Amino acid sequence: MGFRLTPQDSSFYSLFATSAGLLVEATRELTKLLEVAVPERPSIAERLRALETEADEATHELIKKVNSSFITPFDREDIHNLAAHLDDCMDHIEEAADLIVLYRIGTLPEGMAEQFQILSRMAEVTAEAMPRLRSLQDLPSYWIEINRLENQADNLHRKMLADLFNNNSSQDPIYIIKMKGVLDGFEEAADSFEKVAHTVEGIAVKES
Amino acid sequence: MGFRLTPQDSSFYSLFATSAGLLVEATRELTKLLEVAVPERPSIAERLRALETEADEATHELIKKVNSSFITPFDREDIHNLAAHLDDCMDHIEEAADLIVLYRIGTLPEGMAEQFQILSRMAEVTAEAMPRLRSLQDLPSYWIEINRLENQADNLHRKMLADLFNNNSSQDPIYIIKMKGVLDGFEEAADSFEKVAHTVEGIAVKES
Amino acid sequence: MGFRLTPQDSSFYSLFATSAGLLVEATRELTKLLEVAVPERPSIAERLRALETEADEATHELIKKVNSSFITPFDREDIHNLAAHLDDCMDHIEEAADLIVLYRIGTLPEGMAEQFQILSRMAEVTAEAMPRLRSLQDLPSYWIEINRLENQADNLHRKMLADLFNNNSSQDPIYIIKMKGVLDGFEEAADSFEKVAHTVEGIAVKES
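Residue numbers (this note's numbering), protein chains in the order written: chain A, 1 to 208; chain B, 1 to 208; chain C, 1 to 208.
Keep in mind the hints are simulated off the structure, nothing from the lab.
Model, not experiment: these values are computed from the prediction.
In this list, chains with the same sequence are indistinguishable; a pair is considered to hold if it fits within one copy or across any two.
Subject to a maximum C-alpha distance of 25 Å in a straight line, what follows is the list of computed SDA-like cross-link-like pairs (lysine to any residue):
id: 1; residue 1: Lys180; residue 2: Asn155
id: 2; residue 1: Lys32; residue 2: Asn155
id: 3; residue 1: Lys32; residue 2: Ala113
id: 4; residue 1: Lys206; residue 2: Tyr142
Just need the whole structure built from these sequences, with the hints factored in.
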């Protein structure tokens, strides 16, 4: 684990690090979805729901803090956006994973392992970058890496959709509708990670 | 009806109350959709379209007012967001109801009555809260109730999707695609009500 | 062509004009999609991807410029929103066109020609308006026209969805899911053009 959580420090930075740390945990749960037997998936979805609740509380604390602080380390609007986009990452991950369970999907497509690897990497890189917001040092490598990963995620997503529709062995329309919903959800998670990075880039350029 | 409209008062507060009041009317029309016979549904969709046009005009007036006012009661950005999210509530309600007509859907799923009850309650609670923006008093009960309702709407939405896909009697894929579009639209309306509440919470904490 | 690009002028205005100019080019490629034979479509999708990359770079340059400028012609937030919404127009156009290729769709629905005409007109009107941001003159005709076009696009979109689902000759659910994804993508592009116009309206009223 390349990032540090300092929960005794209730600063903005540590609240962002907490949010991003929860995303690292969430993407680890995702990976487990592919390893366990189908009947064990609901307990992973429950674990993700618990992480989402925790993330909601972290976001709420941040919003309260920014609104009640006289001085904030950077623009209130940027802090708001950063918190909201981190929250969106978690929401999309939790919902897409829950749909796999709710829709009683059996076989998951092969590309999903790579999709989860990309999301895991995005979460790790984000969690590593959050503490660097304090010094505003070494951030470009973070957003360049996120842009690269999002591009990779987007290409994979389109390829998986094409496979889903064109692969003759999966021409069951019900399965296609379900799986498209799941794949789109994970792609929205990747988009949200990119929005986090855009917000960080905006902060860094403005404050430097 | 627990809220008051004061149209003679052209202040920001009354414009917000007007927008929210139109949402109360719109959710009443929704409820009627479940009570009338199928051939009478188009006239309800038309009534919703008229309400949406009215809401558009209210939003437009608000935007003009905020942009031309030297002093505004709270941040321009917050006023903009509040107006835009109220507008989104109406847009999603009108569009989802129209899809029921356009798609020539016959039987509507049972859960929809509860979905509409939640949206009605969200609209009422929102309309009751708008005039309290003036004093910024008694607002936490509003956003706590909206968060609770949105959580309820989200759980119901997931349950309805699972039923739609897993219920053996409705395995017609065309029906599933249509109904998923409608259900997702109403869930987006509930999300928009929550965004309204988040914006109000931000304003209240900042100004207090 | 009613708009002028002045690439030697690296001002905010010319960067917006460049972005909008790329959208004019993109909507021209869309029109070609309907004229060429199916095997030639991938090369048009590739051309759109190149335009999207160019638009990304223009947006990135704008964001860097606004964040590093001491004085900006109007609010940073408005410039950010304008750049982001212009970028969204391109993203939705490129993605929806790519889906036509990825999904290996053969026959395209008749209404698509009109949908593309509306998007072309939106792009042209937007590109013509961008240079007028400098003087803030003659802008109302622009946003009124965009609102009119978006309304037209929305009505056409709903009509096309109804035809897709209700037309007996196209009851292949797989085709319906694919085509709905494509039509929704182009409708999101039209929505993004409207968001650009809303942002311009906000700027004009505020600064005048």
